[in-house]
Amino acid sequence: MKKLMTATFLIMVLAILNSKAFALELQCKFSDRVVEGVESVVIREDAIFINETVQIPLEKSEINCSNFGRQLRFDGHADGYQVILKSCSADAQFEGILIDNIKQQVGDISCN
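Take the sequence shown: its letter number 17 is residue 22 in the numbering used here, and every next letter is one higher.
FYI, nobody ran anything at the bench for these hints, they're computed from the structure. Where is the CB? At the ideal position from N, CA and C, for every residue including glycine. No incorrect hints appear here.
Think about it this way: if two alpha-carbon atoms lie no more than 25 Å apart in a straight line, the pair counts; the simulated SDA-like pairs of lysine to any residue are:
{"#": "1", "residue 1": "Lys108", "residue 2": "Val47"}
{"#": "2", "residue 1": "Lys34", "residue 2": "Gly81"}
{"#": "3", "residue 1": "Lys65", "residue 2": "Val40"}
Simulated restraints, written as ranges between beta carbons of each label pair:
{"#": "4", "residue 1": "Ile16", "residue 2": "Lys65", "range": "23 to 31 Å"}
{"#": "5", "residue 1": "Thr11", "residue 2": "Asn69", "range": "41 to 49 Å"}
{"#": "6", "residue 1": "Ile16", "residue 2": "Gln76", "range": "29 to 37 Å"}
{"#": "7", "residue 1": "Ile16", "residue 2": "Glu44", "range": "36 to 44 Å"}
{"#": "8", "residue 1": "Arg38", "residue 2": "Glu64", "range": "19 to 27 Å"}
{"#": "9", "residue 1": "Gly42", "residue 2": "Thr11", "range": "52 to 60 Å"}
{"#": "10", "residue 1": "Glu44", "residue 2": "Thr11", "range": "42 to 50 Å"}
{"#": "11", "residue 1": "Phe35", "residue 2": "Ser66", "range": "22 to 30 Å"}
When you get a sec, could you build the whole thing from the sequences and use the hints?
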């Protein structure tokens with residue numbers, strides 16, 4: 006019984022550490038075209054946050070990136086925004102576009 010309690014406790018501690026210690030946050034910036042009114046773009050876990058208020062859930066898929074083989078692609082849309090990011094670069098950063106469907110503007114973003 007003591008071994009079972011110890012194992013359960015260790016699993017709970019590891020689950021808590023995994024959710025807190027390994028949380029991923031990527032800061033994104035506009036590399037070329039800019040969407041007016043967007044001050045910050047941050048990727049956290051499985052979503053992208055625009056101005057810390059708009060949350061866009063991201064769906065992950067794989068695409069073929071010629072010289073880089075199969076790489077990740079993230080897509081999402083919510084609240085009038087659409088995001089398409091892919092990791093087809095030598096320096097392992099996500100590049101893509103942010104579309105504001107309401108203002109009909111497109112911005113080029115890179116996240117690392």
